[in-house]
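Visitor: This is what each chain is made of:
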Amino acid sequence: QSCTIDNAINLMIKSSTESLVSSVLSKVKLDCTSVSARGADVSCPSGYLATACACGMACGSWDIRGDAACHCQCANIDWTSARCCKTRVVG
Amino acid sequence: QSCTIDNAINLMIKSSTESLVSSVLSKVKLDCTSVSARGADVSCPSGYLATACACGMACGSWDIRGDAACHCQCANIDWTSARCCKTRVVG
Amino acid sequence: QSCTIDNAINLMIKSSTESLVSSVLSKVKLDCTSVSARGADVSCPSGYLATACACGMACGSWDIRGDAACHCQCANIDWTSARCCKTRVVG
Numbered sequence: 006q007s008c009t010i011d012n013a014i015n016l017m018i019k020s021s022t023e024s025l026v027s028s029v030l031s032k033v034k035l036d037c038t039s040v041s042a043r044g045a046d047v048s049c050p051s052g053y054l055a056t057a058c059a060c061g062m063a064c065g066s067w068d069i070r071g072d073a074a075c076h077c078q079c080a081n082i083d084w085t086s087a088r089c090c091k092t093r094v095v096g
Numbered sequence: 006q007s008c009t010i011d012n013a014i015n016l017m018i019k020s021s022t023e024s025l026v027s028s029v030l031s032k033v034k035l036d037c038t039s040v041s042a043r044g045a046d047v048s049c050p051s052g053y054l055a056t057a058c059a060c061g062m063a064c065g066s067w068d069i070r071g072d073a074a075c076h077c078q079c080a081n082i083d084w085t086s087a088r089c090c091k092t093r094v095v096g
Numbered sequence: 006q007s008c009t010i011d012n013a014i015n016l017m018i019k020s021s022t023e024s025l026v027s028s029v030l031s032k033v034k035l036d037c038t039s040v041s042a043r044g045a046d047v048s049c050p051s052g053y054l055a056t057a058c059a060c061g062m063a064c065g066s067w068d069i070r071g072d073a074a075c076h077c078q079c080a081n082i083d084w085t086s087a088r089c090c091k092t093r094v095v096g
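Chains as they are written, first to last, in the working numbering: chain A, 6 to 96; chain B, 6 to 96; chain C, 6 to 96.
Mixed in with the good hints, there may be bad ones.
Where chains are identical, the list cannot tell them apart; a pair therefore holds if satisfied intra-copy or between any two copies.
Subject to a maximum C-alpha distance of 35 Å in a straight line, what follows is the list of computed DSBU-like cross-link-like pairs (lysine-lysine) [what the hints assert, rightly or not]:
(1) K91 to K32
(2) K19 to K32
(3) K91 to K19
FYI, nobody ran anything at the bench for these hints, they're computed from the structure.
Let the hints inform the model, and build the full structure from the sequences given.
Guide: Shown next as structure tokens:
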């Protein structure tokens, strides 16, 4: 007899959880910020990953080091900027 | 007597919710698109954030304004492109 | 009489699920990696999307093809690099 109650409760759990979870998933957002520094290197704030770098002197040759630090490779680079993103739960 | 039923139900809820939630989390995906425009500026579609910019004239000096707009800084820029991303719940 | 039990169970489900779900959402993280290749083209590993490209020869003119492949547009490009990201459920 108890297993019908179990099943009933499990069904209730499953249906109400599914709708709740799907509605809550959209709370996970992308959060991005930019940081800049003089010279050829700059690092993202803690918790962020670099998604791209920009450089002074019109330089398009860069690389990302250790997942969150931008390095501009051209000579005499006056500034370096990093675009930094992470996921964030909102609301 | 009721608290043992409460505990039993709570245990049922906890175990089935955990497995459901973990399986559903992978529905949160990254969604990216590119937009381009003539001139030195272009904005991402609503809801997207800019993760990088590309510029004509081999220019690698750009910045992101207001989280979703690319600006290419070199002179006589003929086109600007933005790479735009957001999170999206699939399925 | 049964509907009061239903309501009680539903309330239990709702409250415990909400707290669990919110705590679990933060398990969805951004995961990024970089790939490079000789020449003017490189593709992200499967499952990743390109968020930006870098090019040799100081070139800042690039485009992303098919969501995950970088193409550097300047002449005589010696290397191309792609920054590739996706969401990942941790823990």
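Visitor: Indicate, hint by hint, whether the structure satisfies it.
Guide: Quick rundown of the hints versus the structure:
Both within a single protomer and between protomers do K91 and K32 lie at most 35 Å apart by alpha-carbon distance, with minima of 14 Å and 12 Å respectively. Taking the shortest Cα distances, K19 and K32 sit within 35 Å of each other both inside one copy (21 Å) and across copies (17 Å). For a Cα distance limit of 35 Å, the shortest separation of K91 from K19 qualifies both inside one copy, at 31 Å, and across copies, at 29 Å.
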